Amino acid sequence: MLDLRLYMLQRITALIMAPLTLGHIAVMIYAVQGGLSAEEILGRTQGSVFWFSFYGSFVLAVATHAAIGLRVIAHEMIGLTGRALTGFTWGTGLLLLAMGTQALIAVTWPAGMT
Amino acid sequence: MEPVTSQESALDGQSGTLEVSVWRGTSQGGDYQRFEVPALENQTILDVVSWIQHYADATLTYRFACRVGMCGSCAMMVNGQPRWTCRTHVKKVLKAGKVQIGPLRNLPVIKDLVADMDPFFDKWVTAGGAHAPSATRDDPIPPVDPQDAIRVEASAGIECINCSICYAACDTVAGNPDYLGPAALQRAWTLLNDAKHDAPHQILDAVSGVGGCHNCHSMGSCTVFCPNDLDPMSAIAGLKRETAKSFFRRRK
Chain A
382 MLDLRLYMLQ RITALIMAPL TLGHIAVMIY AVQGGLSAEE ILGRTQGSVF
432 WFSFYGSFVL AVATHAAIGL RVIAHEMIGL TGRALTGFTW GTGLLLLAMG
482 TQALIAVTWP AGMT
Chain B
9 MEPVTSQESA LDGQSGTLEV SVWRGTSQGG DYQRFEVPAL ENQTILDVVS
59 WIQHYADATL TYRFACRVGM CGSCAMMVNG QPRWTCRTHV KKVLKAGKVQ
109 IGPLRNLPVI KDLVADMDPF FDKWVTAGGA HAPSATRDDP IPPVDPQDAI
159 RVEASAGIEC INCSICYAAC DTVAGNPDYL GPAALQRAWT LLNDAKHDAP
209 HQILDAVSGV GGCHNCHSMG SCTVFCPNDL DPMSAIAGLK RETAKSFFRR
259 RK
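As they're listed, the protein sequences go chains A and B. Taking this note's numbering, the leading residue of the first sequence gets 382, the next gets one more, and so forth. Taking this note's numbering, the leading residue of the second sequence gets 9, the next gets one more, and so forth.
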């Protein structure tokens, strides 16, 4: 149930996620070492175009990557096909996108505007 | 001294018989039937099946031709694993004096041990497995260097005997019936690397559809079970590489 287009989309999103995940972990360790509080961290991320782009692209990549991966599992393990499979793929992707966007806004949107 | 294994005790003349369960029926239904077969020192699974048909039940249906591992027609499931039965010694697979023999997995069953091979061969064609010559008989024969890197890739897959053991072993085929399977994709990879094949882009298109090479999870059962020690998993990886490259090339 994967054609070349979906396969490439899943590989490219994996390539995007890999450095972002490493960056996320590195910053997390750095922030903990320095003893930053949640308020101090949010003070740096909220309103920052860089962190919005950083986590925004991560959320987009995750939603796409996971939806395609779950699509394969749904087809091979549950036997979903046709419209049900397409609906499942889009549904999963949009749900992850919505949840990710909610977190993105909470962390990077300028304080007082949420 | 090595400990006595279960098959040795079954073959030492004390018990003298093998307990063989053989699938009787079709895809619509059936069950395993038990037979007692004389144990011999040198005996293949195909010998056991033939003994049952000759001496116990003449209605047992099975398929074989060459008996020497060349034709690829006698593959069956033996104790749940796909094997070429003419080259599988009973001693190798016997468990406590018992063996279970069934039709190949992932294919419809016509009767008893005979699987319908049509889906398997249809997928060879779907994967672009038919040779398209690059020259006519009037043209001079272009030389082929056997040491050439591309030719080495092509030669790696040409000993396939179409036995469908890789297809039966593949869990991706089991979960996704549209998947072309290891043998058809290895054939496509062989032709793609064949300098005398004239339609490489047709192959890349044929293996890029919904049932194409990108569905492979690289579990490697095809390579593990191939009786000729071929490596369809690497052939499929090669197709993934080439289709990925063409994905960017064609968008330029």
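It is possible that some hints are incorrect.
Derived CB-CB ranges, DEER-like [stated by the list, open to error]:
no. : chain 1 : residue 1 : chain 2 : residue 2 : range
1   : B       : D206      : A       : F431      : 45 to 55 Å
2   : A       : A492      : B       : G228      : 50 to 60 Å
3   : B       : R75       : A       : L390      : 43 to 53 Å
4   : A       : G463      : B       : A64       : 39 to 49 Å
5   : B       : D124      : A       : Q483      : 24 to 34 Å
6   : B       : V232      : A       : P491      : 49 to 59 Å
7   : A       : R386      : B       : D153      : 35 to 45 Å
8   : A       : G463      : B       : Y40       : 31 to 41 Å
No lab work stands behind these hints, which were simulated from the structure alone. Here the structure is a predicted model, which means the values were calculated and not measured. A virtual CB, placed ideally from N, CA and C, is assigned to each residue, including glycine.
Review point. Does 50 to 60 Å hold as the CB distance between A492 of chain A and G228 of chain B, or does it fail?
Key: holds (52 Å)
Check your understanding: Do the beta carbons of V232 of chain B and P491 of chain A sit within 49 to 59 Å of each other?
Key -> With Cβ atoms ~57 Å apart, the hint holds.
Check your understanding: Can the suggested window of 24 to 34 Å be confirmed for the beta-carbon pair D124 of chain B and Q483 of chain A?
Key -> With a Cβ separation near 52 Å, D124 of chain B and Q483 of chain A fall outside 24 to 34 Å, so the hint is violated.
Check your understanding: Per the hint of 35 to 45 Å, is the separation of the Cβ atoms of R386 of chain A and D153 of chain B within bounds?
Key -> holds (36 Å)
Check your understanding: Is it true that D206 of chain B and F431 of chain A lie within 45 to 55 Å of each other by Cβ?
Key -> holds (52 Å)
Check your understanding: Taking the beta carbons of R75 of chain B and L390 of chain A, is their distance inside 43 to 53 Å?
Key -> Given range 43 to 53 Å: holds, Cβ gap about 49 Å.
Point to revise | Outcome of range test on Cβ distance (G463 of chain A, Y40 of chain B; 31 to 41 Å) | key: holds (36 Å)
Check your understanding: Okay, G463 of chain A versus A64 of chain B on CB: inside 39 to 49 Å?
Key -> holds (47 Å)
Hint compliance for this structure: hint 5 alone is broken.
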